[in-house]
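Engineer: These are the residues of each chain, in order.
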Amino acid sequence: MNNQPVIACQDIHKKFGQTEVLKGVSFDVFNSEVIVIIGPSGTGKSTLLRCLNLLTIPDQGKVWLEGEEITAPKVDINVVRQKMGMVFQDFNLFSHLTAIDNINVGLEKVCHFKKNEANEKALMHLNQVGLVDKKDLYPGQLSGGQQQRVAIARALAMDPVVMLFDEPTSALDPELIGEVLIVMKNLAKSGMTMIMVSHELGFAREVSNRIIFMENGVIGEQGSPEKLFTNPQNARTAQFLHKINELYGSTEEEQIAGKDVL
Amino acid sequence: MLFPELLEAITSKVPWNIILNTFQVLLKGMVVTVEVAVGALFLGIVLGLVLGLGRVYGGSLVSKVIAIFVLILRALPPVLTIFILFYAVTSIINLPPLLAGILSLGLSSGAFQAEIFRGAILGVPDGQMISARALGMTKGEAIRTIIIPQAFRLAIPSWSNEAALVIKNSSLVYVLGIPDMMRQAQYAAARTAEPFLIFSLTALAYYLLILLANKGLSALDQKFRIPTLELEL
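Chains as they are written, first to last, in my numbering: chain Z, 1 to 262; chain B, 1001 to 1233.
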């Protein structure tokens, strides 16, 4: 295996006004790794994710993508972002475009595909998330789960080297979470490098290679799911996992009904 | 047979020739009114869009300068803008009255439309810009392909209101001696000594003009409405 991380960050700091959200975060993510970032709200998980593709500019620290430092001056961030797919909590599909045009618009405007080439690729990715039959519907005509699957297809169409997921299932009804997680599991199986902020501990346990527990703007603890779930070193990690399990634990197993499909 | 006689008595009193004549004259004026209104609205839309975009995305200095400019223009009565522009500008270059009228009403409307577009742009959820940037679009591309198409849809209802105002304000160019519908009405009223009749007909003509504009814009609104799950509310 190639020893160069796909994405790496070092000593990321970010302040919003007086509040220091990130207080020096460093980690490396290697090819085909699936990382789940967990932690109490307000500990900078989403900010950290946004610092990775510079939607939020860190005050201090460096980020590398495939060995290239993207926080360096003169880096064209728009080119870099094409290689990093991002999926958001509230989907953020372009509301005036149909499902297929949501995918086409990036291919045409950013990758300069011709219309028919873009269409072909968009259909392929819609097929990947099982929504070819919905291609001409607008986001407002799709369910939350369907919208999120289109959003995943839109990000995948850019052929990213890493996918960032910012709480992709938090805005979904429990019964719609499963369909999105199935898509993500398939993606992980196909070898995509993924970083995901989530409370889906079932997914984390089953699919991820490493869990990062964030607390107060720093990494409190990280390690394999087995290690974190069975033998957390940090008392806060144990406490948090216990609380989350109490809240979501039982239904979690039902949501991961996708296991049979895989 | 009371009714035919009554009808006859009434219709014989109606000054048909004056009405017919007035319609002809008003129609001539209406062409000018439409010219002025369409010209001013077009100028206003270009100016309003540029100012509105500058206000939202132009950074604090540009935004502040535009805010002051817009506030001043909005504070001026349109007829005063016409006077200032006409007498100030014509002292430097020779500006035909029609152009001066269109220019000043366009400027005035541009200031109002800047606010309409600013509101509409701000009405597009932040997530749209964020996800466009995350795909690798430049800010300009995101504004052009994602923000503006959505902002235009949001702007249509308020814009329809502004269109009605501009059509009505176009009557103010009569102060420059432009033969628009208002001017023609005044002439006709003086000529015929039937001011009530003439101005009533003129009111009807303005009403029809604005009705047409609003119907057209509603149709546009319907055509570009983004489909959602059908809900009967």
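No lab work stands behind these hints: they were computed from the structure.
Predicted model only: the values in this text are computed from it and were never measured.
Ideal placement from N, C-alpha and C gives every residue a C-beta, glycine not left out.
Fair warning: there could be bad hints in the mix.
[Said to hold, decoys possible] Here are the simulated DSS-like cross-link-like pairs (lysine-lysine), alpha carbons at most 27 Å apart as the crow flies: (1) B/K1223 / Z/K62; (2) B/K1139 / Z/K109; (3) Z/K115 / B/K1215; (4) Z/K109 / Z/K83; (5) Z/K23 / Z/K185; (6) B/K1139 / Z/K83; (7) B/K1223 / Z/K135; (8) B/K1139 / Z/K115; (9) Z/K114 / B/K1139; (10) Z/K135 / Z/K109; (11) Z/K74 / Z/K15; (12) B/K1168 / Z/K109; (13) Z/K134 / B/K1223; (14) B/K1139 / Z/K121; (15) Z/K83 / Z/K185; (16) B/K1013 / Z/K15; (17) Z/K243 / Z/K227; (18) B/K1139 / Z/K74; (19) Z/K134 / Z/K115.
[To be verified] Residues from chain Z shown here face chain B by an in silico Cβ test under 7 Å; the list is partial: (20) D90; (21) F94; (22) H96; (23) H112; (24) K115; (25) M124.
[Unchecked claim] Between beta-carbon pairs, the in silico distance windows are: (26) Z/S143 / B/I1084: 51 to 59 Å; (27) B/L1099 / Z/G42: 56 to 64 Å; (28) B/T1138 / Z/P40: 30 to 38 Å; (29) B/T1138 / Z/S170: 44 to 52 Å; (30) B/S1091 / Z/I77: 48 to 56 Å; (31) B/L1211 / Z/I57: 26 to 34 Å.
Engineer: For each hint, tell me whether it holds in the structure or not.
Structural biologist: Hint check:
no.	hint	verdict
1	B/K1223 / Z/K62	violated (48 Å)
2	B/K1139 / Z/K109	holds (12 Å)
3	Z/K115 / B/K1215	violated (35 Å)
4	Z/K109 / Z/K83	holds (15 Å)
5	Z/K23 / Z/K185	violated (31 Å)
6	B/K1139 / Z/K83	holds (18 Å)
7	B/K1223 / Z/K135	holds (20 Å)
8	B/K1139 / Z/K115	holds (22 Å)
9	Z/K114 / B/K1139	holds (22 Å)
10	Z/K135 / Z/K109	holds (19 Å)
11	Z/K74 / Z/K15	holds (23 Å)
12	B/K1168 / Z/K109	violated (42 Å)
13	Z/K134 / B/K1223	holds (21 Å)
14	B/K1139 / Z/K121	holds (25 Å)
15	Z/K83 / Z/K185	holds (20 Å)
16	B/K1013 / Z/K15	violated (83 Å)
17	Z/K243 / Z/K227	holds (18 Å)
18	B/K1139 / Z/K74	holds (17 Å)
19	Z/K134 / Z/K115	holds (19 Å)
20	D90	holds (6 Å)
21	F94	holds (6 Å)
22	H96	holds (5 Å)
23	H112	violated (11 Å)
24	K115	violated (14 Å)
25	M124	violated (17 Å)
26	Z/S143 / B/I1084: 51 to 59 Å	holds (57 Å)
27	B/L1099 / Z/G42: 56 to 64 Å	holds (59 Å)
28	B/T1138 / Z/P40: 30 to 38 Å	holds (36 Å)
29	B/T1138 / Z/S170: 44 to 52 Å	violated (29 Å)
30	B/S1091 / Z/I77: 48 to 56 Å	holds (51 Å)
31	B/L1211 / Z/I57: 26 to 34 Å	violated (52 Å)
Hints 1, 3, 5, 12, 16, 23, 24, 25, 29, 31 from the earlier list are contradicted by this structure; the remaining hints agree with it.
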